[in-house]
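From first to last, the protein sequence lines stand for chains A and B.
Okay, so the first sequence: first residue is 1 according to the UniProt record's numbering, each after it adds one.
Okay, so the second sequence: first residue is 1 according to the UniProt record's numbering, each after it adds one.
Hints are computed from structural coordinates only; laboratory data are not their basis.
There may be inaccurate statements among the hints.
Derived coverage of chain B by chain A (criterion: at least 3 residues anywhere in the stretch with Cβ under 8 Å from a Cβ of chain A; other residues may be distant) [stated by the list, open to error]: (1) 227 to 233; (2) 240 to 252.
A few chain A residues facing chain B, derived, Cβ under 7 Å [said to hold, decoys possible]: (3) R60; (4) D61; (5) D108.
A virtual CB, placed ideally from N, CA and C, is assigned to each residue, including glycine.
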Amino acid sequence: MRVVIAEDNVLLSSGLELLLTAKGFHVAAITKDAPGFIDAVAEHRPDITIVDVRLPPTFRDEGIHAALHARRRHPGLPVLVLSQYVEQQYAAELISDKRGGVGYLLKDRVSRVSEFIDAVRRVAAGGTVMDPEVIAQLLTRHAHDPIADLTPRERQVLALMAEGKDNATIAARLVITENAVHKHIGNIFAKLGLSPADSGHRRVLAVLTYLSRQ
Amino acid sequence: MWRGLGYLLVSLLTAAVALFALPVFLVPAMARAWASWHRRRAGRLLLSPRSGPVRVGTWRVLGWLGTYIVTSLAFGLVVVVCAGNAVATAVTVPLWWALPAGTRAGGFAAGVPLSGWGTALTLGTAQFVIFAALTYWLVPLLARLHARICVALLSPSAAERLTQRVETLTETRAGAMNAHGAELRRIERDLHDGTQARLVAIAMRLGAARELSGEDPQMLARLLREAHEGTEEAMAELRAVIRTIYPPILADRGLAGALTALGTRSAIDTTLDIGDLGTIPAAVEAVAYFTIAEALTNAAKHSRATRTTVRVARDGDRLTIEVTDDGIGGADETLGTGIAGIRHRVLALDGTVRIHSPVGGPTTITVSLSCAS
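This is chain A alone, in the form it adopts within the complex:
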C-alpha cells in the first residue's frame, strides 16, 4: 500500500515512516507543506494519505484545506488527518463531501500501533474513522435532545459506531453478542429517526451527520 505523508515535523514524519514501513506499507513521499502534498498525490496516486493539520507557512489549518483540496481533485482519495487536538468543526468539514475514506485522529493514537494501523487500513478501504474525542464533543451537547433518551449502553454503541467500528468489533469491545449489538443499533436508529443504513462508512456518515446537525 502506497502512502503519502504531509508532516513538517521530522521527528513525527520519520516516526510514522518507521512504523508504517515496519507494518508493510510503502511510504512513497513525505512532504512538508500543502503544495508539495498536492503534487505528491498527483504524482504517486497513493492508496492512503496522512496529513498533519498544521503545516507551513502559517501553521494554522493548512492541512485541512490541503486534504479537502486533494479530495476535490481526486474524489474519494483516502485521507487520514492527524492533529494535536481535535475540533468538531474540522470533522464536520472533512465528512461534508459525503464520501468515505476519511479519518480524523489525535496524534496520541499513533502510539497504539495496531489500532492505528487498523484505522489506516479502514480509511484506505473507504471507511470513516473519527477520534473518540470528536464523538465525545458531539455527544455532550444537548441537554434535551433525542440523545438524552438513549440508554448508557446505546450511547456506548453509538460512540463506537461513529468511530467507524463494525458490529463485530463493537461486540468484542463491549463484551456482548453481535446479536445484541444489532438490536441496540436498531433501537438507536429508531430513537434518532434515522433510516437504518447498511454497515460501513454510510452508517458512520449518517450518525456523524445527525450529531453535527443538532
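Fit chain B to the given chain A structure using the hints.
The following block gives chain B in isolation, referenced to the frame of chain A:
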C-alpha cells in the same frame, strides 16, 4: 431665556451665601463638592455630557470660587436690574392713579412725574419694552458666559488630563501585570505538577524496564504498559493546559472562526452575529474567546435558557461583545467563579464588563475591550 434666568438667579443667591460662608470653603472637600455641583449645573445649561466630580487642584478650585462669586454677583445684579425694572414697570404704570401724587416713573425715565394716562401709557410701555428686550437678550448671553467660565476654570488642563490618564494606565497596567504573573504561575504549576511529574514517572518505568533486560518478562510488560499509558495521560493533560493558554482553534481560524466552532459545540442553541472584526491583538482575541465560552457555559449550566445570542462588533478601537440568553436571570457574581473569571480577564486588559441579570431574566453580559496597541 427662562432656563438662563433661573441659572443666573440661583448663581446669584448661592454666591451671596458663599460670600458669607467663605471660611467653610477652606476645607478642600467642601470647596470641591461645591465646585462639582456648579459644574454640573453649568454643564446642564450648556447641554454638554454629564461630568463626574471636579478633579483639578485645590488652588484652581479656590481661584474658581473667587471668580464665581464676582461673576455671579455682577451678572446676577444686571439681571435683577433689567428683569426687576421690567416687572416693576408692568406693575406700577397701570396703577399710577392709585399711587401718591407726584410719584415719578422709575428706571431711565426717573425724572418724569406720572400725572395722566398719556405719560403712563407711553412712558410705561416704552420702558417695559426696553427692559424686557434687554432681559430677553442679555439673560441667555450672560448665563452661557457664566457657565462657560465655570466649566473652563473647573475642567482639567491638557497637562492635567494627561497626568490623570497616566495614573489610570499605571493602575490598569499594574493590574494586567498581576494578572499576567498569576497566569504564568498557574501555567507553571499545571506543567510542573501534571506533565512534568508524569514524564518523570514514565522515565522511571522505562529505566526500570532497561535494568530488567529479560529477567522478568511479566514485569517488563507491566512497566511498558504503564509507561505507555503515562505518555497518553501526559499528552491529554498537556492538551488541556494548552487550551487554557491559547485555544488552538483561535490560532488556526481567528476569533470569528473559533466562535463559529464554539457556537456549534454549545449545549444550547446559539445565534452568532459577528461583524467585520479586522485584525485583533492576540491577547484581546483570547479574552474575547474565553469570555464568550464562559458566558455560554454559564447560560447552559445555570440559566435554564433555551437559546443564546452572541454579538461581536468592532467600532474603531473598541471590540464590543454581548451575550444574551432567554433564561431565568438572577446571575449572582458571588456564586461560582465564572463571572469573576470573566471580570478578572477583561479588567487585566483595561476593558469593562456589565452584567444585567434581573430575576426572571434575561441575562445580558456586555464586555468592551480596546484593540489599540
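Now the hints, each set against the structure:
no. : hint       : verdict
1   : 227 to 233 : holds (count 3)
2   : 240 to 252 : holds (count 6)
3   : R60        : holds, 4 Å
4   : D61        : holds, 4 Å
5   : D108       : holds, 5 Å
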